[in-house]
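Given chain A, put chain B in place with the hints provided.
Line by line, the protein sequences are chains A and B. Letter by letter, the first sequence follows residues 1 to 52 in full-length UniProt numbering. Letter by letter, the second sequence follows residues 1 to 256 in full-length UniProt numbering.
Treat each hint with caution, since some may be false.
Calculated pairs, SDA-like style, for lysine to any residue (alpha carbon to alpha carbon, straight line, at most 20 Å) [as the list claims (entries may be wrong)]:
{"no.": "1", "chain 1": "B", "residue 1": "LYS36", "chain 2": "B", "residue 2": "GLN163"}
{"no.": "2", "chain 1": "B", "residue 1": "LYS42", "chain 2": "B", "residue 2": "ALA94"}
{"no.": "3", "chain 1": "B", "residue 1": "LYS42", "chain 2": "A", "residue 2": "SER31"}
{"no.": "4", "chain 1": "B", "residue 1": "LYS36", "chain 2": "B", "residue 2": "SER161"}
{"no.": "5", "chain 1": "B", "residue 1": "LYS36", "chain 2": "B", "residue 2": "VAL210"}
{"no.": "6", "chain 1": "B", "residue 1": "LYS36", "chain 2": "A", "residue 2": "VAL22"}
{"no.": "7", "chain 1": "B", "residue 1": "LYS42", "chain 2": "B", "residue 2": "SER217"}
{"no.": "8", "chain 1": "B", "residue 1": "LYS36", "chain 2": "B", "residue 2": "PRO83"}
{"no.": "9", "chain 1": "B", "residue 1": "LYS42", "chain 2": "A", "residue 2": "ASN38"}
For the record, the hints were derived by calculation from the structure and aren't laboratory data. All of these numbers come straight from a predicted model, not from anything done at the bench.
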Amino acid sequence: MPVAAGQVGRLSQALMAMVLGVFIVGVVGFSHIDVIHNAAHDVRHSNAFPCH
Amino acid sequence: MGTFRSIVFSSVIAGFIVGLIVTVAQQFGTVPLILKAEVFEKAAETHQHEHDSAAAPQAAAAGHDHAGHSHADHDHGAAGWEPREGLERNAYTAVANVLTAIGFALLLAGFFAVRSGATGESISWHEGLLWGLAGFAVFTIAPGLGLPPELPGVPTAPLLSRQIWWLAAVLATAAGLALIVFRRTVPAAIAGVILLTLPHLIGAPELQHVETNVPSSLSHQFMVAVTLTSLVFWSLLGSLTSTIFARFDRNADRPA
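So that you can see chain A by itself, here it is in the shape it has in the complex (with noise of 0.2 Å):
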C-alpha cells in the first residue's frame, strides 16, 4: 500500500506541474487580452500559434 500511495502522490504532483504548464503556455500563447497579445506578438508568430 505504501507503494501505491508513493505512486499516486507522484502522479499527483506530475498533473499538478502540468497543469501550471498548460496554464503558462496558455496564458502566454493564447489569451485575447490585448496587452498580453502584445507583449507577447513576436513570440506567437515566431510558435506558429494562432495570432491576430
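Showing chain B alone in chain A's frame:
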C-alpha cells in the same frame, strides 16, 4: 512535495536557458521576417483607412478578420499598450519565450516524473530528446500542416476558430502518437494513425480568398525559419529538462 519541487526547479532552469537561446535564434530567423511583413501590413492598413468608408464592403468580402472588429482591437492600432520598438519589444519577446519554455518544460518533466516513477529508472538525456521531438511533432508540425506559420498582414480565418482547430490538432496528434508508442498493438496503431490524420481530413479553418501584399516568398522563408527555430527549441528543451530533472529527482525523496 519532492516530485513537484523537482519538476518546477528543473523546468525553470531549463526554460530560462532554452528561452534565452531561442530568443537569440529568433533575432536571426523569425523576427527580421516579422518586421519586414509589418511594413506591408502597415502600408495596407493606411490604404484601408484612407478608403475605409468606400471600401468597407470590399474588406468584408476579403474576409479580413479585423473587418468585423473595431480598429481599437487591432494590435498595431493607435489604442492599447504595446512595447516600444527595439530593446523593449525584444525584452518582452525574451520574457514570453522563457515563460513558454518553462510551461512546456513543466509538461515534459511531468511526463518524465511519471515515466521514471513507473520504471524506477531516471530519464536519460536521450529519452528526453525523443520526448522533445515528440513535442515538436505535436506542437509545431501537426498544427503547422493545417495552419502554416503566419506573418503579420496575411489575412486569416477568425482567431478563435483557428485556436480551436490548433488545440484539436495538438490533442489528436498527442493521443495518436501515445497510442502508437505505448500500446504497440495493431488496433491501437490503426486508431493512432486515424487520430493523426483526422484533424487534417476535417481541415483547418481558412479563408476563401486571401488578398495580401505580403510576398509569398517571405511567407515561405518564415515557415522555414519557424520550423527550424522550433526544432532547436524542442530538442534543447527535451534533453536539458530531462538531464536537470534526473539530477534533482535523484536527490529528492523518492516515493516508495
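Tested hints:
1. B:LYS36 with B:GLN163: Given pair LYS36 (chain B), GLN163 (chain B) is violated - Cα atoms ~25 Å apart, limit 20 Å.
2. B:LYS42 with B:ALA94: Violated - the C-alpha atoms of ALA94 (chain B) and LYS42 (chain B) are around 24 Å apart, more than 20 Å.
3. B:LYS42 with A:SER31: violated, 24 Å
4. B:LYS36 with B:SER161: The given pair, whose Cα atoms are some 27 Å apart, is violated under the 20 Å limit.
5. B:LYS36 with B:VAL210: Status holds; Cα separation ~19 Å.
6. B:LYS36 with A:VAL22: violated, 31 Å
7. B:LYS42 with B:SER217: holds, 19 Å
8. B:LYS36 with B:PRO83: Between LYS36 (chain B) and PRO83 (chain B) the Cα gap is close to 18 Å, so the pair holds against 20 Å.
9. B:LYS42 with A:ASN38: holds, 16 Å
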